[in-house]
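*Asks:* Residue strings, one per chain:
Number of protein chains: 2
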Amino acid sequence: MLPIETEADFAAWMGSIQARMEGALARHLPGAQQAPARLHQAMRYAALEGGKRVRPLLTFAAGELVGADPARLDVAACAVEMVHSYSLVHDDMPCIDDDILRRGKRTVHVEYDEATALLVGDALQTLAFQLLAEHTAAGDAATQLDMLRTLAVAAGSRGMAGGQAIDLESTGKTLSQTELEFMHVRKTGALISAAVKLGALCAGPCPAALEQYANRVGLAFQVVDDVLDTEASTATLGKTAGKDSKQGKPTYVSAMGVARARQFAEELRLGAHAALDTLGSGARTRRLRQVADFVVLRKF
Amino acid sequence: MLPIETEADFAAWMGSIQARMEGALARHLPGAQQAPARLHQAMRYAALEGGKRVRPLLTFAAGELVGADPARLDVAACAVEMVHSYSLVHDDMPCIDDDILRRGKRTVHVEYDEATALLVGDALQTLAFQLLAEHTAAGDAATQLDMLRTLAVAAGSRGMAGGQAIDLESTGKTLSQTELEFMHVRKTGALISAAVKLGALCAGPCPAALEQYANRVGLAFQVVDDVLDTEASTATLGKTAGKDSKQGKPTYVSAMGVARARQFAEELRLGAHAALDTLGSGARTRRLRQVADFVVLRKF
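Chains as they are written, first to last, in my numbering: chain A, 1 to 300; chain B, 1 to 300.
Among the hints, a few may not be true.
To be verified - Over the 10 Å line for every Cβ pair with chain A, so calculated as not near, a few chain B residues:
#1 9
#2 15
#3 27
#4 119
#5 122
#6 127
#7 149
#8 152
#9 153
#10 166
#11 178
#12 238
#13 254
#14 278
#15 286
#16 300
Said to hold, decoys possible - Quick list of the computed label-pair ranges, beta carbon to beta carbon:
#17 A/11 - B/70: 27 to 33 Å
#18 A/23 - B/37: 40 to 46 Å
#19 B/31 - A/270: 36 to 42 Å
#20 A/281 - B/37: 43 to 49 Å
#21 A/282 - B/37: 45 to 51 Å
#22 B/70 - A/134: 23 to 29 Å
#23 A/100 - B/170: 47 to 53 Å
The set of hints was computed from the structure by calculation and includes no laboratory data. Don't be surprised by glycine CBs; every beta carbon is placed ideally from N, CA and C.
Looking at chain A on its own, in the form it has when it is part of the complex (with noise of 0.2 Å):
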């Protein structure tokens, strides 16, 4: 656990990335009256004004780890929370998840239509690409085709996508632990992992420890977002709580109980810490290990 002071700190610098990220988005996103407005303006609505933006944090804590421009930091933070955005928007869709509450707000396909939202999401995906291959976020070109592709593996079939579609596949399955591993390395370890590796290739290449940090803090991520599922409320989520074991789906919950949950991802949390330890100690790998303790001791 984190002393109070330690906690006001990170909740100060969290408080800044945020209100950094919420600008750089809103610059890079198009206009609200912008043709076509009502397509920019549900972009701007999915994107905009939510969640807690664990994948920038990472990204930004990453950057500081290696000492990576700010100014490019924002074009990597916001590729990836672009992607992540797309993809709440389409998973919430009456066809996959058919949620109506997000991030505290109706869902896209509610407060607009589901063929504003499939464009939506679709638009913001290859913005995501765009900003990526305008914006200069890499000493060099090479880099930042090495930051394209980064992204778009953990995005695609054999990343998130393809998370998406084995957890669509296992509704109402029972999956062993190491069954519901494969499915959330993809699902949502895959984009957590490039947010880090993103953020350090902003300044050169990713140190081999950052990728296993990043592996245990995705990872942890979606054992904890489980548990939550189960623990917390709708109010405290701003997302339907309790939704997975109601549609049946597997889950860290399911496979082994809340209890056992919770200590996996303390192990996680722990494994994050010490691959930070082989990149140095203090002020460097400070920030990273505040958000690894704030994704798994988070309460929404």
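Given chain A's structure and the hints, the job is docking chain B onto it.
*Replies:* Chain B in isolation, oriented as in the chain A frame:
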């Protein structure tokens, strides 16, 4: 009109590019047995064995003008075709066009299910950008970033996805020719232009005259599509004919009648040829001329 020996020569070339694309797409798509297998099978179902491959024809014809390496053209053409395929899968879904037939086969959401169709489109788009980021498609990384940017701008909310949004909003309305053009330049023209530009960028900068050619062919393609939707049969088109007027969609035919729409397409064809005149006559521009003729004079 083309003399008969040119038609035979063009038909042979078109067949060779179509076969080449089928092989390249099959190689670049994830294997049908790779997990998640159902998603990967559906992606292959959506992208393989289909269509005239007009965009790849344009990429290869532009590449021939500038002497581009065919291996690079494969990458560029696959990326463009994957974006096109993703857009067809999503446009056919119940919340947009609700169509059951595409390229003579059942649409993806009919053959599989809606959720799979959504993820297939998402993952095909991602794969397009992944391909362009991880395979050599240009002489240097900076040009390759420019290719990625060009494709993203063409596909996004100010390009193809935006055109689709305008199309949805326009159903039941009467649009002026200027408004129709604003929509179609985005919905269809942008990606067709990108196909040409990417072919040129495989070898170097894209000549301005080639961009002019691309814009004219892109618009001509849509005008002819509108005419064929009125005049051709479902069997010939491989997709449901007569849908636009049934759905009350504004088209060039509804705006100006069949005869004037045909004449407009012919003017655009001649305009495309005129743009090429500044790039040289004879062998270098022959394929581009033939593709422009094919786009306008096709019967399906």
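*Asks:* Please go over all the hints and tell whether each is borne out by the structure.
*Replies:* Hint check results:
1. With a cut of 10 Å on Cβ distances, residue 9 of chain B stays outside the contact zone with chain A, its closest approach being about 37 Å.
2. For residue 15 of chain B, the shortest C-beta to C-beta distance to chain A comes to about 30 Å, beyond the 10 Å cut-off, and the non-interface label holds.
3. Annotated as non-interface, residue 27 of chain B keeps its C-beta farther than 10 Å from every C-beta of chain A; the closest such distance is 15 Å.
4. With a cut of 10 Å on Cβ distances, residue 119 of chain B falls inside the contact zone with chain A, its closest approach being about 5 Å.
5. Listed as a non-interface residue, residue 122 of chain B fails to keep its Cβ farther than 10 Å from every Cβ of chain A; the least gap is roughly 5 Å.
6. Consistency note on residue 127 of chain B: stated as away from chain A, yet its beta-carbon is not over 10 Å from all of that chain's, at 6 Å minimum.
7. With 10 Å as the threshold on Cβ separation, the claim that residue 149 of chain B sits away from chain A is violated: the shortest Cβ distance comes to roughly 4 Å.
8. Residue-level check failed: residue 152 of chain B sits 4 Å from the nearest beta carbon of chain A, not beyond 10 Å.
9. Residue 153 of chain B, annotated as away from the interface, has a beta carbon of chain A within 10 Å; the closest lies near 6 Å.
10. With 10 Å as the threshold on Cβ separation, the claim that residue 166 of chain B sits away from chain A is violated: the shortest Cβ distance comes to roughly 5 Å.
11. The beta carbon of residue 178 of chain B sits about 13 Å from the closest Cβ of chain A, which is more than 10 Å, so the claim that it is off the interface holds.
12. With a cut of 10 Å on Cβ distances, residue 238 of chain B stays outside the contact zone with chain A, its closest approach being about 23 Å.
13. The Cβ of residue 254 of chain B sits about 20 Å from the closest Cβ of chain A, beyond the 10 Å cut-off, so the non-interface label holds.
14. No beta-carbon of chain A is positioned within 10 Å of the beta-carbon of residue 278 of chain B; the least distance is around 29 Å.
15. With a least beta-carbon separation of about 32 Å from chain A, residue 286 of chain B lies farther than 10 Å from that chain, consistent with its non-interface assignment.
16. Against chain A, the non-interface label of residue 300 of chain B holds: every CB pair exceeds 10 Å, the least being about 27 Å.
17. For the hinted restraint 27 to 33 Å between residue 11 of chain A and residue 70 of chain B, the CB-CB distance of approximately 56 Å leaves it violated.
18. Roughly 43 Å separates the CB atoms of residue 23 of chain A and residue 37 of chain B, a value that falls within the hinted 40 to 46 Å.
19. Separation of residue 31 of chain B from residue 270 of chain A is about 38 Å and conforms to the stated range, judged on CB atoms against 36 to 42 Å.
20. Roughly 45 Å separates the CB atoms of residue 281 of chain A and residue 37 of chain B, a value that falls within the hinted 43 to 49 Å.
21. The beta-carbon spacing between residue 282 of chain A and residue 37 of chain B, approximately 47 Å, falls within the hinted interval of 45 to 51 Å.
22. For the pair residue 70 of chain B and residue 134 of chain A, the beta carbons lie near 28 Å from each other, so the given range of 23 to 29 Å is met.
23. Between residue 100 of chain A and residue 170 of chain B the Cβ separation comes to about 28 Å, which falls outside the hinted range of 47 to 53 Å.
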